[in-house]
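J.: Next come the chains, spelled out residue by residue.
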Amino acid sequence: MAIIGGTETTGRKVRWALLDVVVVVYALVPVLWIVSLSFKTTDTLTDGNFIPRKWTLDNYRTIFTTTEFVRALGNSIGIALISTAIAVVLGTMAAYAIARLDFPGKRALIGVSLLIAMFPQVSLVSPLFETERTLGLFNTWPGLILPYITFALPLSIYTLSAFFREIPWELEKAAKMDGATPGQAFRRVIAPLAAPGVFTTAILVFIFCWNDFVFAISLTSTSASRTVPAALSFFTGSSQFEDPAGSISAAAVVITVPIIVFVLFFQRRIVAGLTSGAVKG
Amino acid sequence: MADIVLDKVSKRYPDGALAVSDVDIEIADGEFIILVGPSGCGKSTTLNMIAGLEDITAGELRIGGARMNERAPKDRDIAMVFQSYALYPHMTVRENMAFPLRLAKVDNATVERKVNEAAKILDLTQHLDRKPANLSGGQRQRVAMGRAIVRNPKAFLMDEPLSNLDAKLRVQMRTSVSRLQKQLGTTTVYVTHDQTEAMTLGDRVVVMRGGVVQQIGAPQYLYDHPANLFVAGFIGSPAMNFVPATVEEGRLRCALGDLTLPDATRRRLEAADAPREVIMGVRPEHFEDAALLDEAARSRGALFSGQVDVLESMGSDKYAYFTLAAERASTAELEELAADAGTADVPSAGSQLITRISAASAAREGEKLQVWFDVANAQVFDPASGRNLTFSGD
Ligand SMILES: Nc1ncnc2c1ncn2[C@@H]1O[C@H](COP(=O)(O)OP(=O)(O)OP(=O)(O)O)[C@@H](O)[C@H]1O
Ligand SMILES: [Mg+2]
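Chain order of the listed sequences is A and B. Just so you know, we're using the UniProt record's numbering here: the first sequence kicks off at 1 and counts up by one. Just so you know, we're using the UniProt record's numbering here: the second sequence kicks off at 1 and counts up by one.
Quick caveat, the hints were computed from the structure, so don't treat them as lab data. Misleading hints may appear alongside valid ones.
What the hints assert, rightly or not - In silico DSSO-like cross-links for lysine-lysine, where the CA-CA straight-line distance does not exceed 30 Å: (1) 106/A <-> 54/A; (2) 120/B <-> 105/B; (3) 168/B <-> 318/B; (4) 131/B <-> 114/B; (5) 114/B <-> 154/B; (6) 168/B <-> 131/B; (7) 114/B <-> 182/B; (8) 131/B <-> 154/B; (9) 168/B <-> 105/B; (10) 8/B <-> 182/B; (11) 368/B <-> 106/A; (12) 182/B <-> 120/B; (13) 173/A <-> 318/B; (14) 54/A <-> 182/B; (15) 154/B <-> 106/A; (16) 105/B <-> 131/B; (17) 54/A <-> 120/B; (18) 8/B <-> 131/B; (19) 182/B <-> 168/B; (20) 173/A <-> 368/B; (21) 106/A <-> 8/B.
Unchecked claim - Which residues of chain B face chain A? A partial, calculated answer using Cβ under 7 Å: (22) 53; (23) 71; (24) 73; (25) 80; (26) 82; (27) 88; (28) 99; (29) 100; (30) 103; (31) 108; (32) 109; (33) 250; (34) 351.
Note that CB positions come from ideal geometry on N, CA and C, so glycine has one too.
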């Protein structure tokens with residue numbers, strides 16, 4: 001980008017640096033604010049200082065001693081991981097079929113999945129609530145996993161089929177000619193090449209499940225299946241008379257950590273241009 | 001190693017397009033055969049049917065005597081080199097070449113030995129641990145060849161394997177492909193749309209047009225005895241000159257003059273029941289600068305004088321271009337050839353005459369030049385069917 005004007009001048013660099021800083025600050029200020037709040041003591045919570053005057057780890061200690069939060073964290077991790085795994089596996093198979101095969105109803109399938117992705121979640125809350133209560137799924141892990149998969153599948157089918165289309169068809173033909181069965185061709189040639197796509201999709205789906213609030217608040221009633229975003233809204237602090245803002249901030253910081261870990265862990269595997277060198281001179 | 005027989009093989013795609021129709025080819029064990037033709041004539045489709053990547057709609061394919069129609073590609077024991085090379089980008093050169101052997105469950109020591117052998121033949125030894133992305137086009141091409149040769153398949157199939165290389169590398173690789181095939185003696189089917197590759201590489205050439213085989217024969221035979229207008233125009237570079245002509249009392253009247261036909265040609269025309277209006281074809285290399293010939297030689301052929309439009313000196317010889325005072329010969333075949341070649345090198349596109357004359361010629365651009373040619377070398381075609389009326393082959 002910076003090369004557009006030919007040689008790079010100091011002026012240009014400064015302008016770009018300024019712009020970058022503005023963007024980063026704009027995006028991070030609320031996050032830093034939460035972090036700052038989580039380290040403040042109850043009495044200094046509302047003093048308006050960005051840097052806490054009195055540092056404390058009490059808020060963190062509190063939330064990890066509340067069984068509610070710990071249970072919610074467990075629920076969140078379990079539900080998000082299971083939903084992600086199922087959605088990505090099913091999505092991989094569906095996307096592969098969509099990218100490679102011509103089967104009757106292909107357009108309809110794509111259309112319907114797009115439709116589901118566009119459906120406002122709120123409008124499904126009451127029907128889901130009724131259905132799950134009748135089926136005994138209300139306030140259970142499957143009760144959240146199922147709707148998450150429903151909404152995550154279109155997302156994963158979409159991203160994955162874009163990745164599969166990038167993989168040259170001829171590689172599969174070459175594998176066949178080299179003596180591979182369709183299964184071997186998929187496992188040893190297609191899957192390794194699709195890996196970056198699968199990881200990207202996994203990240204997106206995980207974040208979607210992890211962050212969901214609407215379903216989490218309306219399809220759960222106890223800490224048996226309540227996830228962190230829902231549990232946060234029930235937070236009271238260590239005693240009923242305490243302002244829970246400090247604890248809520250600490251919990252908010254805690255639940256962003258898994259996402260950052262997840263992204264950092266998978267980002268190493270997302271090596272762009274993995275397919276380069278397959279075809280052409 | 002085995003022979004390959006295509007017995008009335010046809011291919012109709014699901015959308016109804018008939019890509020290949022009634023193709024009969026018998027490829028002998030160890031033979032190097034070339035499928036050539038303009039874009040879209042069904043070469044790749046034919047090759048993919050032999051490979052098993054496309055179903056055969058009708059007819060039978062036999063390799064080594066056994067019917068192959070229903071067998072999966074992996075059970076046919078043939079290797080293929082793709083135009084795009086199709087190297088596995090996540091594997092090193094060594095792993096790419098070892099892949100077919102690993103799938104065949106060959107033991108490690110043998111894999112190692114075979115890959116090293118192939119790498120040596122193809123001069124890839126120092127690149128074995130690199131990834132395809134870091135190789136040059138020529139090296140990638142050789143890896144693709146390596147992957148094909150490691151497991152001694154019954155046959156090689158190659159779909160325009162050199163077309164992604166630049167001109168110089170293409171010529172080099174052409175020689176090495178030819179040498180490799182001779183060395184291994186494996187039956188090879190090679191697809192190209194480049195007539196130079198077809199002429200230089202193969203034992204025999206199959207010329208296709210619109211899914212139909214036009215003629216099968218040794219390169220020189222096709223050059224000397226094209227069965228029809230299409231083969232005549234396709235084989236040879238620069239292409240044959242085509243001039244509309246009229247047959248009258250044993251003479252051929254055309255823009256090159258009033259030509260007396262040799263007895264042999266006249267008899268063939270009579271036997272073939274030639275129409276009055278025909279197309280005469282003469283190859284550029286059958287012309288010579290008349291000034292360089294003695295009286296006796298000159299009297300054996302016909303002379304044509306004209307103004308040289310363009311003169312190209314190739315060092316070894318010269319190309320003199322003339323404009324003829326006649327309409328250009330035009331048939332479906334010639335139009336197709338012109339379209340495929342990008343009109344420029346097909347003289348029929350304009351009423352242009354290309355002659356290839358000796359480098360010693362004193363011809364100059366814009367000046368008059370008298371050229372000589374032997375009428376016995378001229379071929380006469382039926383404009384309606386494209387058939388070669390002077391065809392002397394069998
Ligand atoms: N999958 C397909 N479905 C329908 N028609 C097809 C398909 N593949 C090829 N064809 C048609 O079959 C004909 C032959 O195609 P083919 O790929 O064999 O040509 P080709 O001789 O290899 O040409 P090129 O030199 O351009 O590679 C073409 O008219 C093409 O449009
Ligand atoms: Mg082709």
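J.: Hints first: check each against the structure and report whether it holds.
T.: So, going through the hints one by one against the coordinates:
Restraint check: the Cα-Cα separation between residue 106/A and residue 54/A comes to about 61 Å, which exceeds 30 Å; the hinted pair is violated. At roughly 23 Å between alpha-carbon atoms, residue 120/B and residue 105/B fall within 30 Å of each other, so this suggested pair holds. About 22 Å separates the Cα atoms of residue 168/B and residue 318/B, which keeps this hinted pair within 30 Å; it holds. Under the criterion of a C-alpha separation no larger than 30 Å, the hint pairing residue 131/B with residue 114/B is consistent with the structure, at around 19 Å.
Restraint check for residue 114/B and residue 154/B: satisfied, since their Cα atoms lie roughly 17 Å apart, inside the 30 Å limit. Annotation: proposed proximity of residue 168/B to residue 131/B holds, straight-line Cα distance about 24 Å (limit 30 Å). Our distance criterion of 30 Å between C-alpha atoms is met by residue 114/B and residue 182/B, whose separation comes to about 19 Å. For the hint pairing residue 131/B with residue 154/B, the CA-to-CA distance comes to about 28 Å; that is within 30 Å, so the pair holds.
For the hint pairing residue 168/B with residue 105/B, the CA-to-CA distance comes to about 39 Å; that exceeds 30 Å, so the pair is violated. For the given pair, residue 8/B sits about 29 Å from residue 182/B by alpha-carbon distance, which is consistent with the 30 Å threshold. For the given pair, residue 368/B sits about 68 Å from residue 106/A by alpha-carbon distance, which is inconsistent with the 30 Å threshold. Annotation: proposed proximity of residue 182/B to residue 120/B holds, straight-line Cα distance about 17 Å (limit 30 Å).
For the hint linking residue 173/A to residue 318/B, the alpha-carbon distance of about 46 Å lies beyond 30 Å, and the restraint is violated. As the CA atoms of residue 54/A and residue 182/B are separated by approximately 85 Å, the hinted pair breaks the 30 Å bound. Between the alpha carbons of residue 154/B and residue 106/A the distance comes to roughly 39 Å, so the proposed pair goes past 30 Å and is violated. A threshold of 30 Å between alpha carbons decides the hint, and for residue 105/B with residue 131/B the separation of about 23 Å falls inside it, so the pair holds.
Straight-line distance between C-alpha atoms of residue 54/A and residue 120/B comes to about 72 Å, which puts the hinted pair past the 30 Å bound. With a C-alpha separation of about 43 Å, the suggested pair residue 8/B and residue 131/B falls outside the 30 Å cut-off, and the hint is violated. A distance of roughly 22 Å separates the Cα atoms of residue 182/B and residue 168/B; the hinted pair therefore holds under the 30 Å criterion. About 58 Å separates the Cα atoms of residue 173/A and residue 368/B, which puts this hinted pair outside 30 Å; it is violated.
Our distance criterion of 30 Å between C-alpha atoms is broken by residue 106/A and residue 8/B, whose separation comes to about 35 Å. A distance limit of 7 Å between C-beta atoms decides the matter here; for residue 53/B the minimum to chain A is near 5 Å, and the interface restraint holds. Because the beta carbon of residue 71/B sits about 12 Å from the nearest beta carbon in chain A, more than 7 Å, this interface hint is broken. At its closest, the beta carbon of residue 73/B sits 5 Å from a beta carbon of chain A; the interface hint therefore holds under the 7 Å criterion.
At about 4 Å, the closest approach between the beta carbon of residue 80/B and any beta carbon in chain A falls short of 7 Å, and the interface hint on this residue holds. Hint status for residue 82/B relative to chain A: holds, with the closest Cβ pair at about 5 Å, below 7 Å. A least Cβ separation of about 6 Å between residue 88/B and chain A falls short of the 7 Å threshold, and the interface hint therefore holds. For residue 99/B, the shortest C-beta to C-beta distance to chain A is roughly 5 Å, which falls under 7 Å, so the interface hint holds.
Interface hint at residue 100/B: satisfied, since its Cβ lies 4 Å from the closest Cβ of chain A, which is below the 7 Å cut-off. At about 4 Å, the closest approach between the beta carbon of residue 103/B and any beta carbon in chain A falls short of 7 Å, and the interface hint on this residue holds. A distance limit of 7 Å between C-beta atoms decides the matter here; for residue 108/B the minimum to chain A is near 17 Å, and the interface restraint is violated. Restraint check, residue 109/B versus chain A: the minimum CB separation of about 19 Å is more than 7 Å; hint violated.
Contact between residue 250/B and chain A, as hinted, is not supported at the beta carbon level, the nearest pair being about 55 Å apart and thus beyond 7 Å. Evaluation of the residue 351/B hint against chain A yields a violated restraint, the C-beta minimum of about 39 Å exceeding 7 Å.
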